[in-house]
Structures are given as structure tokens and as C-alpha cells.
Amino acid sequence: METFFDQLAIGASTGALYALLALALVFIFRATDIVNFAQGEMAMVNTYIGWSISRPLSLSWIPLLGIERHINLLTWRPEVLGFPLYLGSESTGLTRIGYVVVLVAATCIAFFTGTVVERVIVRPSEGKNLLNAVIVTLGLFAVLNSVANWRYGPVPQTYPTPFRGDAVDFGLFKLGQHSVFSLIVGVVLMMLIYLFFQRTKLGLAVRAAALNPQASQLMGINTGRMLTLGWGLAAAIGCVAGMMVAPSVSGISPNLMLGVLLYGFAAAVLGGLDSATGAVIGGLAVGIGQSMVVQYIGSEWSDVVAFGLIIAILMLKPTGLFGAPVVKKV
Amino acid sequence: MLELRNVRAAYGPVVALHDISVSVPHGAIVTLLGANGAGKSTTLRVVSGLLKPAAGLVRFEDSDISGQAPDRIVRQGISHVPEGRQIFATLTVDENLRLGAYTRSERPAVRRDLDRVYGYFPRLAERSGQVAGTLSGGEQQMLAIGRALMARPRLLLLDEPSLGLAPLVVRDIFQIIRTINQEDGVTILLVEQDAKLALSVASYGYVLETGRVAVHQPANDLARNETVRRSYLGY
Chain A
1 METFFDQLAI GASTGALYAL LALALVFIFR ATDIVNFAQG EMAMVNTYIG WSISRPLSLS
61 WIPLLGIERH INLLTWRPEV LGFPLYLGSE STGLTRIGYV VVLVAATCIA FFTGTVVERV
121 IVRPSEGKNL LNAVIVTLGL FAVLNSVANW RYGPVPQTYP TPFRGDAVDF GLFKLGQHSV
181 FSLIVGVVLM MLIYLFFQRT KLGLAVRAAA LNPQASQLMG INTGRMLTLG WGLAAAIGCV
241 AGMMVAPSVS GISPNLMLGV LLYGFAAAVL GGLDSATGAV IGGLAVGIGQ SMVVQYIGSE
301 WSDVVAFGLI IAILMLKPTG LFGAPVVKKV
Chain B
1 MLELRNVRAA YGPVVALHDI SVSVPHGAIV TLLGANGAGK STTLRVVSGL LKPAAGLVRF
61 EDSDISGQAP DRIVRQGISH VPEGRQIFAT LTVDENLRLG AYTRSERPAV RRDLDRVYGY
121 FPRLAERSGQ VAGTLSGGEQ QMLAIGRALM ARPRLLLLDE PSLGLAPLVV RDIFQIIRTI
181 NQEDGVTILL VEQDAKLALS VASYGYVLET GRVAVHQPAN DLARNETVRR SYLGY
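Chains A and B, in that order, are what the protein sequence lines are.
First residue of the first sequence? That's 1 in the working numbering, and the numbers climb one at a time after it.
First residue of the second sequence? That's 1 in the working numbering, and the numbers climb one at a time after it.
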């Protein structure tokens, strides 16, 4: 029985990451009707950026441009309100605070790159042929994957986490420290997203722009800016998922997010591609389901289950569990 | 207050407005009449910026707003209640109204206007937490008007407020339109199928025919004009 609860907890922790990626897919789909196939690869590149920020010297600040960095996070001792911050040391790597700082920094960079991707690459194909836009995201997927292969090579690099050591004992189950951390980050981020969309004026405007762009313009909302914001948010959320995934798999590699993207898709389709609640519940269901399959059937079946789930849902209930019935736009 | 001079507009290759000149004086209710496809809604779309004019001039309070983006035009004091209401169906009544005030930042004033709108339409107050798509047609129309008022417009563009509504509801809504105009001093440009009803509240009317102004007269004269009534207004 203990294993069962252990697996449940591990499943919930990876499920939270699938939910994040599914949320990112849902935001973009709701706003633009585009399924962003590049979501995972954008997260992968941002994770590499986070990784290179946190490494001692030798690597560059902006890895793709090759600009040398000037601050080594591991020896940097900034003071905040008079307290020295120990972000890390050369011998032990990042401290927990340092890790969180890197996470926040990479997420901010991801937000910015997401907005740039929308403005520069996606915008020209928006509002025309949907297929064009989808092919643009597929192309972006291929380009980002190749660039990462060229820049970093295909071999996985270890992605150290300060959340290691003994598993935390919750009585009913034990969960590794990094999984506990991922779960907390996932839940906190989902709560922030919820508060942003439900409680702030800007969040309401983003929802309105996705629902009815023309009426939103009449309310004074700059719908183009809302789309850019939506892509930025989606990229940031995806980046958090990537940063959490990297230490829990064999390390960071250009194919880091392929599996996660697949499960994120399964989660989004299960919940309904246009439902945020559906994405969260779908993510948890897929995560827990996967960990049960691995434990009780065999790890070679977990991809089959994910794909099978997508196909079955599309056949039986194409709108997903929480999706709105499809209304053809006139 | 609002002036359109020789405005021309098209949807792709289809010319919808050939040459329209309309003038709306401060504080008035002016109505645009005419058959389907005459260009009434298109005229409103040009004013609110949803459609860029191909030629001609749109002036609002001494500034040229022709071709500006809709989200900038709202900020200058023009609200548009569009054809088909276009409420946010999956958002609540309250959220719809708050979106109406998107351009404004003074919270107490917005709060007061929310109360004012709920005062005009008590049925909306009862349903403030309800999802807008579940409202009846009349309530949705009230919501669309209320939402437009939340921006505190000086000019309100109303497109077919009576469409598809029961006569009693129509009477209520037109009563409110008159109040908005007389008590709040909002100037109104009204597009309406029901010419008789429109002329009963308006002071001036334009009859459009295939993208051109066929006749324009004070509302009383239009209502009495037999030829106009028979050939254009159909009552």
C-alpha cells in the first residue's frame, strides 16, 4: 500500500508540471485558436538559459549570442535589506535561495522571449489561415530543437538541484525533496495564475480579448497587446515546468521537453483544450495515471497510455471533460 | 459634436458606403434609418473605428478620428453598442460591466457608475453574478447598453436596440435611452429597423439607401413625410 501512495504523490508532482504545460497550451489556444507545438521547445531553450546562468563561469549570459557574462552567481554575494544572500558556492553549487533566484530570472527571460516570439514570428500569420500559424509553430519547434543541438550537443548535461538528499516522510508516503519543491512551485504558480485571471483587471481583459476580440476593442482593450502578453505568460509558465523537469530526469538535453509536451497535450486534450480547470485536472490525472502505469504495468507502456488517451478522448468526447461544446464561428 | 464628411467605406471589394455625410449635434438623438444593407451599421463601425474609412473625414469634437483604432476612439468618449450585442457570453454580468469601464482608473467613480447602471436595469443587478450567455435577449441588450455606459461616453452609438425583443421590453429600453440622453446628457446616434419607434425619440433622421443618404430631415418632418414613409420606411 505504501508504494501506492508513494506513486500517487510522485504522479501528482509530475502531474503538476504537465498541468503547467497544458495551461500554457490552453492560454494560447483560447486566445488564438493556435495549438503551439513549440511550447515545449521554448521551455527547453529557456531551461538551458536558466542552466547557463547558474553555472560557474565559462558560459555566456545569453547563450545563443555568445556574450560573456560578468556576474558569477556562485560567488556573488548581494545584500538584500542588510542580509547577505548566499546564492551558491563553487564547490556545492546553488543554494536553495540561489536556485529560486535562477528560476525567477529564467522565467522573466522566458516571458520576454515569449512576447518577442509572438510579435516577430507568430503575428504575421495570425488571423489569416490557421494552418499557416500551426505550421509556423511546428517550424519553430524544429528550429529551436536544432539550435539547442548545435549549441549544446545532444548529450544530457546534469542539472543540479539543491533539493536533494533524503526523501520527505509525510507518514502515508515519502516524496523526494525535488518533487516536493516542484509540487509546491506548481501549486503556487497555478494559484497566482488563477488570481491574475480572476481578480485583476488586466487578467479579465486578457480573457475578454480571447473570447471576443472585436467587442474587447470596443471596450478600449488593445487586443494585440493582450495576445503578446498571453504568449509571454505561456512561455513563462512553460519555462517553470522545464526548470522543474530537468533535475528530475537524466538532465537537460535538447529533447528535454518532448515527453513532457506529449503528456501536456494529453492533459490539455483530456481536460478540453479551451479549459484552464480542465488543464489542471487533466495534468494531475495524466501524471498520476502515468506513474501508476509505470509501477503496475511497465514503463514501456506509459507513452502508449498517453497517446491512447488522446485518441480515445478525441473519439469519445472531442471537447474533453471540461471543454465548451464546439460552436462554429460565423 | 460628430461629423462624417463624404465617408466612403468598403468590405474588401464590396463598397458599403459610397458617400455619406452625417452630422450629430451635441445633446441630440439622431437616427439612421433604411433597409437592410443600406449601410447603417457600417456607418457606426466607421465611427467607432471597427472599419477604417477608405475616404472622407470623421470628426469628433474638433479632432479627426478617421481611421483610428477602436481602443483609442473609446478613450475619446465614443461607446459603440454593436450589432448582435457582442456581450462576453461566458463572463458574468458584473465582469461584462467592469470591462466596460476598462479605460477608466478612478475606482469610486466606476463604482458609482456601476450602481447607476444597476439602477437603470434592476434586472441586471439581480443577475450580477450570473454568466451573461444565460440572460434573456432583453437582458443581454440591457447589458450591452450598460456596458457601453460604463465607459462614460459623451457619444453613444446604438445598433438595433429593439432587434428580436418583446414590445414591452422594447418600450423599457427606449425609455432608458431617453433618460440617458436627457438626464445624463449623452448624445446618441441610433440605428434602428423600427423607424416609427426611432423617430419617436430622435430629433433628426437620416434615411440611407445603398450606401448613400437619400433624405435627411428633422424627425417630425420625416415621420409626416408620406413619400419617405412609403418608399423607405415601410409603414
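Simulated from the structure, these hints should not be mistaken for laboratory data.
Do not rely on the hints blindly, as some may be mistaken.
[Said to hold, decoys possible] Within a straight-line C-alpha distance of at most 20 Å, the following computed DMTMM-like cross-link-like pairs (lysine to aspartate or glutamate) qualify:
1) 201(A) - 83(B)
2) 201(A) - 64(B)
3) 201(A) - 194(B)
4) 201(A) - 3(B)
[What the hints assert, rightly or not] Distance windows between CB atoms, simulated:
5) 196(B) - 225(A): 39 to 47 Å
6) 15(B) - 225(A): 26 to 34 Å
7) 132(A) - 13(B): 16 to 24 Å
8) 316(A) - 19(B): 33 to 41 Å
9) 5(B) - 277(A): 48 to 56 Å
Glycine residues also receive a C-beta, built at the ideal position from the N, C-alpha and C atoms.
- Are there hints from earlier that the structure breaks, and if so, what are their numbers? Going through the list in order, the structure violates hints 1, 2, 3, 4, 8 and respects the others.
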